[in-house]
Amino acid sequence: MAIRVEHELHGRRRGRNHGLGLVLGAFVVLVFGLTVVKVSRQDEQGNPPVAAAVPAVADQTGGGY
Amino acid sequence: MSDITAIDGGIDTAQEAGFGDYVALLKPRVMSLVVFTALVGLLVAPVAVHPYLGFTAILFIALGGGASGALNMWYDADIDRVMRRTANRPIPAGRVSEGEALGLGLGLSGLSCLMLGLATNWFAAAFLAFTIFFYVVVYTIWLKRTTPQNIVIGGAAGAFPPMIGWACATGGIALEPVLMFALIFLWTPPHFWALALFMKDDYSRAGVPMLTVTHGRAATRRHILVYTLILAPFALALALSPVGGPLTLAVAVALNLAFIAGAVRILRRDEAVSAADGYRAEKRFFRFSLLYLFGHFAALLAEAALRPLGFGGW
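Keeping their order, the protein sequence lines are chains A and B. Quick note: the first sequence uses the numbering used here, first residue 1, plus one each step. Quick note: the second sequence uses the numbering used here, first residue 1, plus one each step.
Think of the hints as simulated: they come from the structure by calculation, not from any bench. We treat Cβ as the ideally placed atom computed from N, Cα and C, and that holds for glycine.
Between beta-carbon pairs, the in silico distance windows are:
| id | chain 1 | residue 1 | chain 2 | residue 2 | range |
| --- | --- | --- | --- | --- | --- |
| 1 | B | 106 | A | 7 | 25 to 35 Å |
| 2 | B | 308 | A | 7 | 49 to 59 Å |
| 3 | B | 276 | A | 28 | 49 to 59 Å |
| 4 | B | 28 | A | 10 | 19 to 29 Å |
| 5 | A | 25 | B | 267 | 51 to 61 Å |
| 6 | B | 273 | A | 14 | 52 to 62 Å |
| 7 | B | 226 | A | 17 | 45 to 55 Å |
| 8 | A | 8 | B | 171 | 42 to 52 Å |
| 9 | A | 45 | B | 314 | 36 to 46 Å |
| 10 | A | 37 | B | 123 | 17 to 27 Å |
Using the sequences and the hints given, assemble the complete structure.
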């Protein structure tokens, strides 16, 4: 049987490796983004921001939603 | 295994997993329900979330759901081999080993909870961990093979995502997410029992004690109607809650009337009639149940979107 340079098996493995590479790359970008957002929202003492209520819901205390 | 044996034709290359097989382990279709309901829970919550943090939260809730799907496939590989509907899943088809699925499931479970905690808060992360535990241990390992109530109690796992979404935004739980939970929790049994009515051979062959197998098909038809009747008040209560509004109420009334009408139609049929037309009413009820759930959550989302414009809400 002739030996082919490229076997279908190799294509499938390459696809798997590329997929994993993309996932890991995306994870790095995601964590970097998370860090930027978290750090930029801290005050000068490094405290996280106080959660802001959605305006319409804040009205709830006044009787309306 | 060397590449030489592969080139040689010494192995079956169909056994080699592709990237898609690992994605399939995460049950992407189930994940879409998790993403949508968790997103609604997060967006209708009374605390605004930074869009990037919200996106990250939904992503890791979905990943947690996917991880529990992989663990479910690991444990259920034996019955998946028997059922026609699941025989082509990566493990029964021989493309992914059980050990790989277990490793992927455990790894992604830990990662998703950790990242959700870092992105939002640890209450939401603990809630996600509990959901994965509930789906894998309580439903898959314990209940699924022991009681016909498997779907009823196990349905809670699929009902937690909107509560997790809400917890991501607020750091706690309130009445509204509990009503969203109740909506999915009570919707799950009629949804799956309708499926069991027209996939009958699968469950009995696998020895899964579905209600259709243990109590018969007539009892299942009665149960479907009872659950749709119990479900309706919860759907209306959610529409009348602070996250609802006139639009949600109108949608809830219309969908629940149609859902109950479908359940009555199923009750009035017997096996001979159903078999004669290929379980048309049961299949239609099953498809409508998907629209039912989507409709309620889409209405809540629309209500939240309209609120800043002066419309929507009570």
